[in-house]
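As they're listed, the protein sequences go chains V and U. The first sequence: position 259 = 259 (this note's numbering), numbered continuously. The second sequence: position 56 = 56 (this note's numbering), numbered continuously.
Because the hints were derived from the structure by calculation, they are not lab data. These figures come from a predicted structure and were not determined experimentally. Check the hints yourself; a few may be wrong.
As the list claims (entries may be wrong) - In silico contact screen, one side only, chain U against chain V (beta carbon under 7 Å); selected entries:
(1) Y39
(2) E42
(3) D45
(4) F78
Cβ atoms here follow ideal geometry from the backbone N, Cα and C, with glycine treated the same way.
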Amino acid sequence: MSQNSNRLEIDIGSTYFKIGTNGKTNQYFRDFTTNIYNDVKNKCGEIISKYKKNDIFICSSANGGLSTLIIGISSLFSIKYATNIAFNSGINIIDTLLYSKIDEAIPPKEIIDVVIIAGGIERVKSKFDNRLLEYLKEVKYSNIVYVGNGTDREFLKSNIDNLVILENIIDNRLQIREDELKEYLTNLYQNDIVGKEEIKKLYSITSNQIYSTPYIVNRSLPKLRSLYDVADPFLVIDIGGATTDIHYSTDLVVNKNILTSSSYDRLVFKKLGVYKSRESLVFGAKNNEFVYELLDYLMVNENILEEDTLKATTILMQLAIFLVLYQVSKNSNDYISLKLDILNSIVVTGGVSKVLSQDDIDKIVRFFYKKILHFDTIPAIIIDREYKIWTLGMKEVHSV
Amino acid sequence: MRVVTGVVGNDIHVVANRLIEISLKERGFEVFNLGVNTYLEEFIDAVIETDANVLLISSLNGEAEGWSRDLLFLKSRFDLDGVLFVIGGNLSVGEAKEEEIIPKYKAYGYDLVFHQVDLNVGLDIIEDTLKGKR
Numbered sequence: 001m002s003q004n005s006n007r008l009e010i011d012i013g014s015t016y017f018k019i020g021t022n023g024k025t026n027q028y029f030r031d032f033t034t035n036i037y038n039d040v041k042n043k044c045g046e047i048i049s050k051y052k053k054n055d056i057f058i059c060s061s062a063n064g065g066l067s068t069l070i071i072g073i074s075s076l077f078s079i080k081y082a083t084n085i086a087f088n089s090g091i092n093i094i095d096t097l098l099y100s101k102i103d104e105a106i107p108p109k110e111i112i113d114v115v116i117i118a119g120g121i122e123r124v125k126s127k128f129d130n131r132l133l134e135y136l137k138e139v140k141y142s143n144i145v146y147v148g149n150g151t152d153r154e155f156l157k158s159n160i161d162n163l164v165i166l167e168n169i170i171d172n173r174l175q176i177r178e179d180e181l182k183e184y185l186t187n188l189y190q191n192d193i194v195g196k197e198e199i200k201k202l203y204s205i206t207s208n209q210i211y212s213t214p215y216i217v218n219r220s221l222p223k224l225r226s227l228y229d230v231a232d233p234f235l236v237i238d239i240g241g242a243t244t245d246i247h248y249s250t251d252l253v254v255n256k257n258i259l260t261s262s263s264y265d266r267l268v269f270k271k272l273g274v275y276k277s278r279e280s281l282v283f284g285a286k287n288n289e290f291v292y293e294l295l296d297y298l299m300v301n302e303n304i305l306e307e308d309t310l311k312a313t314t315i316l317m318q319l320a321i322f323l324v325l326y327q328v329s330k331n332s333n334d335y336i337s338l339k340l341d342i343l344n345s346i347v348v349t350g351g352v353s354k355v356l357s358q359d360d361i362d363k364i365v366r367f368f369y370k371k372i373l374h375f376d377t378i379p380a381i382i383i384d385r386e387y388k389i390w391t392l393g394m395k396e397v398h399s400v
Numbered sequence: 001m002r003v004v005t006g007v008v009g010n011d012i013h014v015v016a017n018r019l020i021e022i023s024l025k026e027r028g029f030e031v032f033n034l035g036v037n038t039y040l041e042e043f044i045d046a047v048i049e050t051d052a053n054v055l056l057i058s059s060l061n062g063e064a065e066g067w068s069r070d071l072l073f074l075k076s077r078f079d080l081d082g083v084l085f086v087i088g089g090n091l092s093v094g095e096a097k098e099e100e101i102i103p104k105y106k107a108y109g110y111d112l113v114f115h116q117v118d119l120n121v122g123l124d125i126i127e128d129t130l131k132g133k134r
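All chains, full assembly: derive it from the sequences and hints.
Next up, the structure:
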């Protein structure tokens with residue numbers, strides 16, 4: 001078989017995988033009766049055989065991501081800083097615990113991949129005590145890392161087995177310090193990918209490192225203007241089968257008290273997807289106070305949510321866009337609020353871009369801006385139908 | 001001694017904020033300046049993260065009254081014994097009598113209240129109060 005001189009890029013998602021070469025991207029629905037490696041080989045074996053191992057580049061979000069429990073002493077500094085670093089390191093599932101409430105907290109039942117403990121600038125009086133040790137006895141975790149004040153370091157080190165100690169994420173000016181924790185979490189994520197049997201097998205077709213998809217997407221953002229006519233501040237919405245990621249210009253953040261090295265942050269809606277997380281998406285939609293008005297506006301009723309048709313998928317994807325915008329608006333008190341009133345561009349990517357038309361997306365964004373923000377104009381909407389963002393990110397990471 | 005300071009609410013009086021920071025540093029305080037447009041919750045959280053001895057909130061446009069009403073509630077959620085809570089600036093919208101304003105803000109949970117008081121006079125009182133507390 002003749003060798004092709006170009007690159008072959010593969011993205012393994014939870015519902016689809018896609019293969020890109022020579023500027024063209026094809027998407028395949030995953031066959032869940034076989035493992036990822038066999039599925040990729042069965043569908044694309046011929047094209048893969050045309051490339052050398054070092055010309056094949058793979059990223060994956062199919063490992064489900066790492067689960068994280070963050071324990072901090074304040075919501076707006078230690079917990080917020082650690083959460084920001086975790087999201088930007090590709091972590092998907094994040095629970096938080098305010099230390100002052102540890103006595104009444106119920107430990108999570110599932111196994112946590114990594115517990116992060118943070119709190120205080122370097123020189124403060126002790127912030128953690130035996131209550132933390134008692135609580136941790138009830139938590140099943142694989143890794144634990146301390147990124148808090150200097151005073152508690154020895155106490156925690158001598159009382160918690162396998163505790164990894166990194167530099168404090170809060171510096172002495174109360175600013176975020178992200179490098180060490182970010183590197184630690186990114187490596188943990190990489191090890192998790194490699195450790196997963198299904199992903200491990202993919203190394204038989206590539207000699208390059210397999211990165212996480214969110215990391216790849218985030219790396220493309222500073223150069224997004226080379227692809228599309230976008231204006232800062234912008235928001236990238238990546239709706240997939242299991243989760244929805246957003247990447248946003250940090251200028252959009254309300255009450256911004258974090259100054260990071262990157263101008264773009266990431267946030268994950270872990271139960272907002274149109275296939276694997278369909279049930280929780282429907283549940284979330286039904287609990288939104290505007291959903292019936294929205295369905296009426298789209299000229300359907302709630303029965304559509306139970307159907308298995310293309311129309312139903314279209315409506316679900318529109319609902320997902322609405323819910324994402326709603327949850328980051330000032331109407332919601334979740335992790336972050338964005339100034340959607342100054343948003344200039346929305347870029348839609350992921351599986352949703354293959355299904356929704358420009359009109360479908362315009363319509364839902366228009367409803368949101370009119371109903372929630374009382375605006376008559378909406379940001380420019382760009383649909384990344386050919387997954388150019390992902391391709392650009394792959395090129396940035398594996399710089400050619 | 002550590003001080004957390006900043007301007008509360010939708011108030012962008014950054015010059016006054018910088019003057020307060022400089023004056024505090026001149027007097028030897030370690031200052032954590034949260035800047036303008038700061039929420040009350042952020043002030044409290046900053047005190048917790050830094051073990052600050054003083055929280056010095058300023059307000060120039062009179063908005064502080066609306067923003068201060070949750071102070072007692074927020075203080076009740078954490079162990080903040082020993083922290084000196086101070087507010088200063090122009091503490092009312094329009095004309096108001098000092099003898100009405102000071103009790104009102106003290107009822108909100110502030111230990112010291114300076115309405116239209118010279119900065120250095122206020123800082124002298126803070127230092128004297130801290131000496132008394134030690």
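Tested hints:
1. Y39: Hint holds; Y39/U Cβ to chain V Cβ min 6 Å, cut 7 Å.
2. E42: 5 Å, holds
3. D45: 4 Å, holds
4. F78: Since chain V brings a Cβ to about 6 Å from F78/U, closer than 7 Å, the hint holds.
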